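What follows is each chain in one-letter form.
Number of protein chains: 2
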Amino acid sequence: MDMPLYPGDVLTPGYGATKDAKRLDREEAPTITRIPVLPISYADAEPLLKALEGPVAPDSWKGALPLTYHIGPGPAKVRLKLEFEWKLQPAHNVIAVLKGSQYPDQWILRGNHHDAWVHGAADPVSGMVALMEEARAVGMLAKNGQRPKRTLVYCGWDAEEPGLIGSTEWVEDHLEELQQKAIAYINTDGNGRGFLGAGGSHSLQTMVSEVAAAVPDPQTGASIKERRAAVDLVNGGNDRFELYALGSGSDYTPFIQHAGIASLNLGFGGENAGGEYHTIYDTYTHYKRFKDPDFSYGVALAKTAGRISLRLANADILPLDFKPWQQTLSTYLDEVMKTAESMREKAEKHNKLVAQNAYGLAADPKKNLASPTEKPAVPYLDFSPLQNALSKLQEEVEALSKQDLTSLPAKKQEALNSLLMYAEQQLTSEEGLPRRPWYRHQIYAPGFYTGYGVKTLPGVREAIEQENWGEAQEQIKKLAGTLEHMRQYLGKINAQTE
Amino acid sequence: MDMPLYPGDVLTPGYGATKDAKRLDREEAPTITRIPVLPISYADAEPLLKALEGPVAPDSWKGALPLTYHIGPGPAKVRLKLEFEWKLQPAHNVIAVLKGSQYPDQWILRGNHHDAWVHGAADPVSGMVALMEEARAVGMLAKNGQRPKRTLVYCGWDAEEPGLIGSTEWVEDHLEELQQKAIAYINTDGNGRGFLGAGGSHSLQTMVSEVAAAVPDPQTGASIKERRAAVDLVNGGNDRFELYALGSGSDYTPFIQHAGIASLNLGFGGENAGGEYHTIYDTYTHYKRFKDPDFSYGVALAKTAGRISLRLANADILPLDFKPWQQTLSTYLDEVMKTAESMREKAEKHNKLVAQNAYGLAADPKKNLASPTEKPAVPYLDFSPLQNALSKLQEEVEALSKQDLTSLPAKKQEALNSLLMYAEQQLTSEEGLPRRPWYRHQIYAPGFYTGYGVKTLPGVREAIEQENWGEAQEQIKKLAGTLEHMRQYLGKINAQTE
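Those protein sequence lines, which keep their order, are chains A and B. First residue of the first sequence? That's 165 in our numbering, and the numbers climb one at a time after it. First residue of the second sequence? That's 165 in our numbering, and the numbers climb one at a time after it.
Excised from the complex, chain A in its bound form:
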C-alpha cells in the first residue's frame, strides 16, 4: 500500500473503519499498489538472482549473497502465482483511561502497538512492556492519592504493521473529540540498548531535554541526555539536544500528521545487534541475548516516557516552548532556500556545458549516446513572505518567552493552557498537502517519494524538489499564511498574560 497518500485501512480514507462504515470498492482504493511487493527469504531469492544474466550489477546494487549479481533481463522466466486473502479482519485497539482529577477533558495520550509480524519480541513488545509498566506505576500513584490532574489515555494499537491501521482508524473515528481534548501523543515502539532517540514536535523539545537530563543511563550512570550528546559529538555532531522531525513509520503518524496533535516518538538503541527486525527471529530468546539482556533500557524507557506523561498531565503551565520550535523552523527555511539556490546553480552549469558542447566532446563516440539537452532555467522564487512571517513570528515567540508564566494566578494559567493545548493544531490546514489532503500538518510530513522519511516544510520543499515552480510559489504563500496564523495565535496567548 502507498502510505504517503494516506495510511490506515485502504478502504476508508479519512474516516474510521468501524464495523458499519461505508467502504470503497477494492478497485477504487488508491493506496493499493498495482505491483505486488513481498519480502522473501534469501533461500527463495537465490535461484531467482542466479537466473539473471546481463551486465554485472554495480557495487551499490549488490547484496551479500555469495554469487555474482547481474541485473538481467532474464534469460529465465518466472511464473508468479498470486493469492490474496481479500477479506475484512477485525483489529482490536486497547484503550485505558485514567481520568484526570482536575482537567478530565485535557488528555495526554500514550501509545504503542501490540501487533507483530511474527513473535515481535523487540517490535513491538519491548516498547509495549515499558508502556504497561508505566501505566501500572501511574495507576499505583493514583491509588495512593496522586491521581494526575489531566486525563491519561494509554493505547495499545492493533494492526500497526500492515499500515498503521489501528491508530489511524481510531484517530479518524475520534477526530473531533481528539482535536478538542488532546494535548499531546507520546509514542513508543521497539526498544533496545543504547542511546535515547527522540523525535517530535519542536515545541516539546525543551521539556524532553529536561526529562532526558533527569533520567540515568542504566549502564553508565550519566544521564541519557549526556550519553546522547556524547555519541553525537563523537560522530561529528554538536551537543545540543534536538528532536528529530517526524515522518512516518509508527503510530504517531495519524496524531501529528492528520490531527495536528503535538507528538513525540521515543526509544533507545544503537548498542544492540540488528537483523531480526520483522522476521521470525525477533523472539524473546534473541531479545534477551542480543538486544537488552537485563531489560534495563525497558525500565529507562518507562522512566522517560512516564516522566514526560506526568509532566504534561500535572504541569501548571503546559510545558511548550516555542523558541526551539521557531529556531528549528528557521533552519528548515534555510535548507529549502539553499536547495532552490543549488538547483539553480546546477541548471545554469548544466546549460553552460550544453551550450559549449562539453557533454558532446566528453562522450565516448563509440557508445552512440545522445547529448543532454538544456534544462529549463530555475526561476528565483520569492521567499520573502516566509522570511517576513518567520521574522514576525520570532518577535512574538521572544515576547512570550520573556513572560514569567509560573507566577500568574491559577485562573490565568488555566486560560493560557486552554490556548496552549491547541497551538500545534494551528499548523495544519484543512485542505492538506497537494495531492494528499489526509496530510494536514504544514511543517512535518513523510515525503511523497521517501517512504517513512520526513520532509519538513513539505509543501514548499517537495514542490521545489519536483521543479514545480508555480506550486512552490503557491506553497510559500500558503505556508506563510499558516505561520502568520500561528503568530496571531501566539499573540492571543501573549495577550492573556497581561
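Treat the hints as calculated values from the structure; they're not laboratory data. Hints are supplied without guarantee of correctness; some may be wrong.
Identical chains blur together in the list; that is why a pair holds if it fits in one copy or across any two.
To be verified - Simulated pairs of lysine-lysine, BS3-like, Cα-Cα distance not exceeding 27 Å: (1) K530 to K307; (2) K556 to K642; (3) K214 to K226; (4) K467 to K531; (5) K226 to K345; (6) K452 to K530; (7) K530 to K467.
Predicted model, so just to flag it, every value in this text is computed and none were measured.
For this one, chain A is given, so just place chain B on it according to the hints.
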C-alpha cells in the same frame, strides 16, 4: 621492492648497474622487502579465501568473487614454499641519437620502455610504437634536410616492469652528462582510446597546452585540448589545461626525481576497457578489439609527443613558462597549510572530547573498549619563510614574463637558453629528501607511503602528515632556501635579457 626509497637495481643504489659495478650483498639491499608479495589468479586465491573464517569482511574489503569474505584468522594453515632465482640478468636499453645541427650538446630525450610482463600489447608496445613512428618521421625530416637544431635522443628502456631498472641505471650511469646536456625528458608508456593525460614539470605546461590545442582528436575532430577540457568540465572540474604532478610508476622517475630534468608523461585513455593490465590477456588481439581498434590514438600520441620534441629541439627560446609553475606552487603551499590547520582543529576537537569524556560515554560498555587518550597539540608552524620566498619568486617570474624574449638577438637568446635549460635542476637538493636521499626534487616525489602516488612539496607535506613538527619546520626552511635559490637563478635569467 620498496621503490619509494629508490627505484632501479636493488643492489646499486645511486650509481649505474654496469657490468663491473660494485654491488651490495643481497642481505644489505634496503629495498628488498622482507614479506614476499606476488599477484595470483582468482582460481589460486579462491581456496585460500574460502578457508578463512572469523568475522565477515567489511564491505570495502570485499572482492568480487562469489563467496562470503571473512577476515580470518584461519582456521586453515597454508604452507608457502618460496623459490627465488637470485641471479644477475642483463637488461638492454636501446638508445638512438639524432645529433642536433646547431646545438648538439643540448639534448631532448624521448623514451618508452620495451619490456613487458607478458605480451604487453598495451603496456608498453602501444606507446613504444608511437615513439618509433615519431622517430621514423623525425628521421625522414632529417634526411630531407630538416635536421633539428638540438639533439634528439630516443630511448627504449628495458626492465621497467621490475622496478624502472633500465632507465634508472642509465640515468645514474650518465648523471653528469645528462645534467650538463639534457633539457627535457618526454615519457610515454601504454596508450589507449580517449582523452589526453599529461603530467610533468609545470614550467612546460604552457607549451604542452599549445601543442594540445594543435593536435586533432581522431574521433571528434576537436582538438585534444578541447576534449580534455570537456571531460574535466563534465566531471565537475574546470576547463584550464593543467599538468598533473609526477610521482612515480614509469621511466620519467629517475629523470625528474633524481636528476632534476624537466619531464613530461603523456598518454591517451579513458574510453577503453581495462582488466588486461599486466596480465597474459594484454595481447594484440585484445588491444585491437578493445583498446584502440584503428590505432588512431597511437597516431595522436606520436603527433603530440613529436610536436613537443620538435618544439623543444628547434625553439629559438626554450619554451619554459614559470608563471603556471609559480601559480601551481602557490596552490601546493595552500594545501599544505590547510592540512596543518585541519590537523590542529582535529586534535583540538579530539582533546576536547577526551576532556569531557565524550568517547567514554559514547562507547558501548559491553565492548570493553579503551577510551582514546589526549593527542599532542599541533603547534602553529611558521610558514612565513615559504610565503615570503613564494612572494619574491612571483615578482621575479612576473618580471620575466613581461619580457619579449623572441625579439632578442640570437646571441642573447643562446645565452638565455644555456641558463633556462638548467632551471629545473635548481629545484633539487644534493642531500635529497629525509631518509631517502635518492629523491632530490623538492617539489615532486612519490609519497613515502603512497606507492606511485605523488606528494608535492614532499619534505614539508610528509613531515606534517607524519606529525613530525620539528622536521616540518626544518623542511619549510629548506624548501624556502630552494625557492630563494630558484629566484636568484631566475634573476640571473632576467639580467641576461637587458
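Okay, the hints, checked on the actual structure:
1. K530 to K307: So K530 and K307 fail the 27 Å test inside a copy (82 Å) and across (39 Å) alike.
2. K556 to K642: Classified as within: same-chain Cα gap 16 Å, cross-chain 60 Å, threshold 27 Å.
3. K214 to K226: Classified as both; 12 Å inside a copy, 19 Å across copies.
4. K467 to K531: Cα proximity of K467 and K531: across copies only (25 Å, versus 63 Å in one copy).
5. K226 to K345: neither (51 Å within a copy, 56 Å between copies)
6. K452 to K530: between (60 Å within a copy, 14 Å between copies)
7. K530 to K467: between (66 Å within a copy, 22 Å between copies)
Checked against the numbered hints given earlier, this structure breaks hints 1 and 5; the rest are met.
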